[in-house]
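Colleague: Listed here are the chains, written in short residue letters.
There are 4 protein chains.
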Amino acid sequence: MAVMPQTLDIPVPVRWTDLDAYGHVNNAAMVRLLEEARIAAFWPPSPEQLALGAIPPPAELPAGGAGSELATVIASQRIEYPRQLGHRRDGVIVRLWLSRIGGASLTADYLVLTRDDPEGEAPYARARTVMVMIDADAGTPVRLPQELRDSLQAFAGPPLAFRD
Amino acid sequence: MAVMPQTLDIPVPVRWTDLDAYGHVNNAAMVRLLEEARIAAFWPPSPEQLALGAIPPPAELPAGGAGSELATVIASQRIEYPRQLGHRRDGVIVRLWLSRIGGASLTADYLVLTRDDPEGEAPYARARTVMVMIDADAGTPVRLPQELRDSLQAFAGPPLAFRD
Amino acid sequence: MAVMPQTLDIPVPVRWTDLDAYGHVNNAAMVRLLEEARIAAFWPPSPEQLALGAIPPPAELPAGGAGSELATVIASQRIEYPRQLGHRRDGVIVRLWLSRIGGASLTADYLVLTRDDPEGEAPYARARTVMVMIDADAGTPVRLPQELRDSLQAFAGPPLAFRD
Amino acid sequence: MAVMPQTLDIPVPVRWTDLDAYGHVNNAAMVRLLEEARIAAFWPPSPEQLALGAIPPPAELPAGGAGSELATVIASQRIEYPRQLGHRRDGVIVRLWLSRIGGASLTADYLVLTRDDPEGEAPYARARTVMVMIDADAGTPVRLPQELRDSLQAFAGPPLAFRD
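These protein sequence lines map, in sequence, to chains A, B, C and D.
Mapping to this note's numbering: the first sequence position 78 is 70, numbers consecutive.
Mapping to this note's numbering: the second sequence position 3 is -5, numbers consecutive.
Mapping to this note's numbering: the third sequence position 40 is 32, numbers consecutive.
Mapping to this note's numbering: the fourth sequence position 77 is 69, numbers consecutive.
Next up, chain A with everything else stripped away, as it sits in the complex (with noise of 0.2 angstroms):
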């Protein structure tokens, strides 16, 4: 697969602890990679942190939590893992877009890549969430803002096909 323009490149380090028994990343600990990736792209540091030279993402969504009018919750993931992977001193890079840009929902997709692999050949894991949007109150579905909507355009791409 070439490198696609749009997509967001994620370093996400590789626990020892995100290591079974086996040796290889588990496969929830893989799920636990696309979530750091996920909130690296889409949720913005605290002000306290911006402050200190953190940097903001390239696109912002509604986190939820105290006070909070919108958040975003997981309505559905699904991940392939074509090959085992081991301790990685230099970790992962997620690479990361959006296949989808529903109503109410989004849809990121993701390639689980190494360093050595800027081409995306040879992934460890090709997944997506779909995320939705809710009125933190209410738990009920929420129009994303035209606004958001254009801004996340920029991170558009084609979708995944699965296998399963």
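Errors might be hidden in some of the hints.
[Stated by the list, open to error] Residues from chain C shown here face chain D by an in silico Cβ test under 8 angstroms; the list is partial:
{"no.": "1", "residue": "Val23"}
{"no.": "2", "residue": "Arg24"}
{"no.": "3", "residue": "Ile66"}
{"no.": "4", "residue": "Arg70"}
{"no.": "5", "residue": "Tyr73"}
{"no.": "6", "residue": "Arg155"}
{"no.": "7", "residue": "Asp156"}
[Stated by the list, open to error] Quick partial rundown of chain A residues pointing at chain B, CB under 8 angstroms, derived from the structure:
{"no.": "8", "residue": "Arg70"}
{"no.": "9", "residue": "Ile71"}
{"no.": "10", "residue": "Arg155"}
Everything labelled a hint here was simulated from the structure, so no lab data went into it.
Positions of the beta carbon are idealized from the N, C-alpha and C atoms, including for glycine.
Guided by the hints, dock chains B, C and D onto chain A, whose structure is given.
Modeller: This is chains B, C and D only, laid out in the frame that chain A set:
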């Protein structure tokens, strides 16, 4: 959904650290609950633990590990989160069955339920894991032995339909 | 060490993902097992869970969380790992007692045991947690109510001696 | 506390899932951050990763694993939590030094700091880990080679004083 006689209902404790900062079981932690259910369903205790009274699983899959000839690896997973799960001191019930017994692969479908929902009407997760049996040295798929296939038929059931 | 009548023996399941790549329960995962035991010992199930038959803990500490006036925070921990623990399908028994009931603090001592060692002669961990009760808003220490101190006396026991 | 020249300052990312339901880094997750720092400080990347530009650690300890003759195991840990740590997109700095280089053991002391506190005046954790080098087959302690002891002297520093 009616209770299906072929399913396994595996009680799985929820840990405090499965919760994220919003007070809900994290999306990746839910994948860990599935893994615990799968291990309880299909992998045997050690001989020492059996001697102490541990109950063998209803069907045994090859686990891999040092000296093993066969191993079972996760090829893919998918999961939907219809409702958010808080801290449950009584844990969850993972209802598990085999929706496909293939040549070298097994597909487990799951509902994550609570004890007050024996009918499985309001699951907290609906999920599927495709497992592939491999030769532990070569890493190549291995055909499931007929005897194992026969014993696994007792847990066969219809596949879940996923939305996305 | 003889069984002490004041101790609480809390069964805590071991998860597959508690193991690290050497096949042993990871040092930080062991700290999680202590936490699960502490929660089972001292924090109550929700009213809904009690209605479903959940068993209240023998003594209740303030948990904190939204709307709480008091919270219990961890001030310090220490742990020794005399032996390495593998995957136990029957989990561990965390033996827990209070080695000190202070003005605003409680000290819990623990032995992590297996079911085949009711005398506690070969623990997998020996540990201690100092908890401090605080005012949830101000973050300042709060004196333990006398009624709570009295009920906690039932779990008082002698302190462990640590090597380092 | 003044900056000590012998210490190693290891940046360690904080994950979203390190937070518990109160929005703070969980007490056991903090122990994981120490582990990540220790691994970065003392265990080498794989030859493949070195070839890709990974930086070797300033001193190397035996890691164990398949085929190893020596392994390093954790004998004990202690940790104090003076302040609660929230989600830091810029992670933490784990300041690490060796407070004791024994015959068969090493003691690492740590301060967990944030980037805005280079002087280490307001640590989020103060901790200590005692590691023992063992023969991987026999499980018995092994004397640290003199060459290793010499190279580790560069990281020697005074021991922390703990309160409890």
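Colleague: Next, verify each hint and record whether it holds.
Modeller: Hint check results:
1. Val23: holds (4 angstroms)
2. Arg24: Constraint on C:Arg24 satisfied, holds at 5 angstroms.
3. Ile66: Status holds, d = 4 angstroms.
4. Arg70: C:Arg70 check passes; min Cβ-Cβ to chain D is 4 angstroms, inside 8 angstroms.
5. Tyr73: Holds, about 6 angstroms.
6. Arg155: holds (7 angstroms)
7. Asp156: At about 5 angstroms, which falls below the 8 angstroms cut-off, the nearest Cβ of chain D leaves the hint on C:Asp156 intact, so it holds.
8. Arg70: This interface hint holds because 4 angstroms falls under the 8 angstroms limit.
9. Ile71: holds (5 angstroms)
10. Arg155: holds (7 angstroms)
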